[in-house]
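Student: Spelled out, the chains give:
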Amino acid sequence: MDRSVLEGDPHRVLEGMAIAGYASGASQGFIYVRAEYPLAIERLRLAIKQAERVGLLGNRIFDSQFNFRIDIRIGAGAFVCGEETALIRSIEGKRGRPRPRPPYPSEKGLWGAPTLINNVETFANIAPIIRKGSAWFAAIGTPKSAGTKVFALAGKIRNTGLIEVPMGIPLRKIIFDIGGGTPEGTTFKAAQTGGPSGGCIPGDSLDLPVDYESLATVGSIMGSGGLIVMDSTSNMVDVAKYFMDFCVDESCGKCVPCRVGTVHIHGLLEKISGGRGTTDDLALLEELCQMVKETSLCGLGQSAPNPVLSTLRFFRHEYTELLSAPEGFVPAGAANEKSTTG
Amino acid sequence: MAILTLTINGEHVSGKDDESLLAIASQHGIRIPTLCHLDGLSDVGACRLCLVEIEGSPKLFPACTTRPQEGMVVSTDTERLRRYRRIIIEFLASEGNHQCAVCVVNNHCELQNLAYETGLTHVSVPYLYPKKDLDATHKDFIIDRNRCVLCTRCVRVCHEVEGAHTWDIAGRGISCEIISDLNQPWGASGSCTSCGKCVLVCPTGALIEKGEAVAEMEKKTDFLRYIVTARQKREWVNVDSDEE
Ligand SMILES: Cc1cc2nc3c(=O)[nH]c(=O)nc-3n(C[C@H](O)[C@H](O)[C@H](O)COP(=O)(O)O)c2cc1C
Ligand code: SF4
Ligand code: SF4
Ligand code: SF4
Ligand code: FES
Chain A
1 MDRSVLEGDP
11 HRVLEGMAIA
21 GYASGASQGF
31 IYVRAEYPLA
41 IERLRLAIKQ
51 AERVGLLGNR
61 IFDSQFNFRI
71 DIRIGAGAFV
81 CGEETALIRS
91 IEGKRGRPRP
101 RPPYPSEKGL
111 WGAPTLINNV
121 ETFANIAPII
131 RKGSAWFAAI
141 GTPKSAGTKV
151 FALAGKIRNT
161 GLIEVPMGIP
171 LRKIIFDIGG
181 GTPEGTTFKA
191 AQTGGPSGGC
201 IPGDSLDLPV
211 DYESLATVGS
221 IMGSGGLIVM
231 DSTSNMVDVA
241 KYFMDFCVDE
251 SCGKCVPCRV
261 GTVHIHGLLE
271 KISGGRGTTD
281 DLALLEELCQ
291 MVKETSLCGL
301 GQSAPNPVLS
311 TLRFFRHEYT
321 ELLSAPEGFV
331 PAGAANEKST
341 TG
Chain B
343 MAILTLTING
353 EHVSGKDDES
363 LLAIASQHGI
373 RIPTLCHLDG
383 LSDVGACRLC
393 LVEIEGSPKL
403 FPACTTRPQE
413 GMVVSTDTER
423 LRRYRRIIIE
433 FLASEGNHQC
443 AVCVVNNHCE
453 LQNLAYETGL
463 THVSVPYLYP
473 KKDLDATHKD
483 FIIDRNRCVL
493 CTRCVRVCHE
503 VEGAHTWDIA
513 GRGISCEIIS
523 DLNQPWGASG
533 SCTSCGKCVL
543 VCPTGALIEK
553 GEAVAEMEKK
563 TDFLRYIVTA
573 RQKREWVNVD
583 SDEE
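Protein chains in written order, with my numbering: chain A, 1 to 342; chain B, 343 to 586.
Calculated from the structure, these hints are not laboratory results. Ideal placement from N, C-alpha and C gives every residue a C-beta, glycine not left out. Treat each hint with caution, since some may be false.
[Unchecked claim] A few chain A residues that don't get close to chain B, going by computed Cβ distances all over 10 Å:
#1 R99
#2 K108
#3 F176
#4 D231
#5 D238
#6 Y242
#7 G253
#8 K254
#9 T320
[Stated by the list, open to error] Pairs of lysine to aspartate or glutamate, DMTMM-like flavour, derived with a Cα cap of 20 Å:
#10 A:K108 / B:D360
#11 B:K473 / A:D249
#12 A:K108 / B:E577
#13 A:K293 / B:D381
#14 B:K561 / B:E577
#15 B:K575 / B:D523
#16 A:K94 / B:E353
#17 A:K293 / B:D360
#18 B:K401 / A:E294
#19 A:K173 / A:E84
#20 B:K401 / A:E287
#21 B:K481 / B:E502
#22 A:K293 / A:D231
#23 A:K108 / B:E361
#24 B:K561 / B:D381
#25 A:K132 / A:D231
#26 B:K358 / B:D381
#27 A:K293 / B:D486
#28 A:K94 / B:E502
#29 B:K552 / B:E502
#30 A:K94 / B:E459
#31 B:K473 / B:D486
#32 B:K473 / B:E519
#33 B:K474 / A:D249
#34 B:K401 / A:E84
#35 B:K401 / A:D249
#36 A:K94 / B:D523
[Said to hold, decoys possible] The calculated label-pair distances, taken between Cβ atoms and stated as ranges, are:
#37 B:G461 / A:A135: 21 to 31 Å
#38 A:D249 / B:E459: 58 to 68 Å
#39 B:T479 / A:D249: 28 to 38 Å
#40 A:S134 / B:G413: 28 to 38 Å
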């Protein structure tokens, strides 16, 4: 989602950063972008050169006293390097490991200096807001979640791809009007937002407005705008296991709860989805999820249990059915695969 | 620097605003379990054993890196904290291969002590039995990664106090490991001065001296306080010398 902005309209981000630099008194900006986005890097480089040539970046911008330089820093693609303190360390050339906050970057950030750190979408919004006024921006979306949001629509849905919608749009509109609904013969089951840090919105909440506050009420987040649709063929324990597998791989290993806890949570999910879980395992799973959420150092570990907690909240029966799995029991969502494989 | 008053476990205490909650608690005889913290080294907030509750926030805060605020109400020993500390020790126990009965620091091990302190009676998560190496190439010392809890005390003491920066962390998540000199055998390390500081600060039997028998090695970390204080106060400078 952010990549599409960097590739499609890099000048918007540069302009937003320069304005932010002017407002906060910074003279140096960095764009941290992962190496896996070569087109974004190429276009950003070109855009920075163009902006420097016409005096929109560099020294004495518009003949003023204001100087602002933007450099690109390329990351190796570790998820944890999106966490702000890890990102700062990575720009400094160190290992991308988070550190406890406070001090927040605004107090002590890059090389110990006060640092403003924002997302691509945030910077991309700045210039249009200044040009058209805050009233224009606030008129889009809801009072508390103003503006639009870009989602990457994926999963069991007919039309996948990037969409930009006003905040507060009902989920139903995204799934059915834009996405065209789930594939033939299946029904909508849930939508996962916020990726491995988020949670799911169950089928009976189709009229939920998609904004920050409403997503929080169902225990999910907006995040970077991933929106994965699950239909009646999806197994929610497998969904949770998939995201936990990701977090096991991406944990930086600094703090004990996330480094070891994610491995044990994944092991328990594996055991339960394999039909070998007991009620004690389910209780332990819930306890470990709560513990990892409350004790981890950074946002990665703190949010890693969310997909499990969320699927437990709305689809608990899919877990409990597996616990007492009798002989020949077919887990939820596997019915179709079973019938085709005989 | 200002002196603040706060409440820890119902007791009114005072502390400096540039000290950690952990330091203030310990000055008042309130013990908070720790593992990655060591007086004299920088704090990293990694083991999460020292987490405390602060009134008005649902979040937990590591006492070793949290600064006090006027009127702060801190709890260090609630039922929830005790439960979470026990799980942290269970995680550490399950993550390595800790065969205490044949360990040279048996009965002098901080991990063992923490297990007693947190009332750990059994480990409810499965042991992970990782495949880790033992490196005995150094002439005086051994690193047994099976017993490492990744507290990074060795990394910090070697970098911050000895100035050699022999140790680093390689890998990510559960496959993190302490390595010497870009993953060369310790014995081949060009940076290690063989000072032994890392061995003394290691809380477990991961770093040990050669030739110690089972349960014989006791680690002393006091030296660190002396060195750090001496440096801060410039005690090694001979004030009588007229070299200048
Ligand atoms: C594990 C983790 C990964 C993250 N990844 C990203 C990312 O890829 N891109 C991003 O913009 N923010 C990411 N964030 C959030 C940033 O750390 C930061 O809070 C955010 O970009 C601030 O910008 P905003 O206030 O403009 O939203 C991540 C946070 C965490 C904890
Ligand atoms: S929560 Fe996970 S990613 Fe974050 S510091 Fe701890 S181990 Fe690293
Ligand atoms: S013996 Fe001294 S120099 Fe060598 S690794 Fe340990 S602390 Fe560093
Ligand atoms: S070797 Fe010892 S000091 Fe170093 S990280 Fe492991 S347990 Fe800590
Ligand atoms: S002692 Fe504070 S986190 Fe380890």
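Student: Does each hint fit the structure? Answer for all of them.
Tutor: Checked hints:
no., hint, verdict
1, R99, "violated (7 Å)"
2, K108, "holds (12 Å)"
3, F176, "holds (37 Å)"
4, D231, "holds (32 Å)"
5, D238, "holds (21 Å)"
6, Y242, "holds (16 Å)"
7, G253, "violated (4 Å)"
8, K254, "violated (5 Å)"
9, T320, "holds (20 Å)"
10, A:K108 / B:D360, "holds (15 Å)"
11, B:K473 / A:D249, "holds (17 Å)"
12, A:K108 / B:E577, "violated (31 Å)"
13, A:K293 / B:D381, "violated (28 Å)"
14, B:K561 / B:E577, "violated (25 Å)"
15, B:K575 / B:D523, "violated (32 Å)"
16, A:K94 / B:E353, "violated (41 Å)"
17, A:K293 / B:D360, "violated (28 Å)"
18, B:K401 / A:E294, "holds (7 Å)"
19, A:K173 / A:E84, "violated (33 Å)"
20, B:K401 / A:E287, "holds (17 Å)"
21, B:K481 / B:E502, "violated (23 Å)"
22, A:K293 / A:D231, "violated (28 Å)"
23, A:K108 / B:E361, "holds (17 Å)"
24, B:K561 / B:D381, "holds (14 Å)"
25, A:K132 / A:D231, "violated (41 Å)"
26, B:K358 / B:D381, "holds (17 Å)"
27, A:K293 / B:D486, "violated (31 Å)"
28, A:K94 / B:E502, "holds (16 Å)"
29, B:K552 / B:E502, "violated (25 Å)"
30, A:K94 / B:E459, "violated (36 Å)"
31, B:K473 / B:D486, "holds (11 Å)"
32, B:K473 / B:E519, "holds (11 Å)"
33, B:K474 / A:D249, "holds (18 Å)"
34, B:K401 / A:E84, "holds (19 Å)"
35, B:K401 / A:D249, "violated (25 Å)"
36, A:K94 / B:D523, "holds (16 Å)"
37, B:G461 / A:A135: 21 to 31 Å, "violated (60 Å)"
38, A:D249 / B:E459: 58 to 68 Å, "violated (33 Å)"
39, B:T479 / A:D249: 28 to 38 Å, "holds (31 Å)"
40, A:S134 / B:G413: 28 to 38 Å, "holds (37 Å)"
In the structure shown, a violation is registered for the earlier hints numbered 1, 7, 8, 12, 13, 14, 15, 16, 17, 19, 21, 22, 25, 27, 29, 30, 35, 37, 38, in ascending order.
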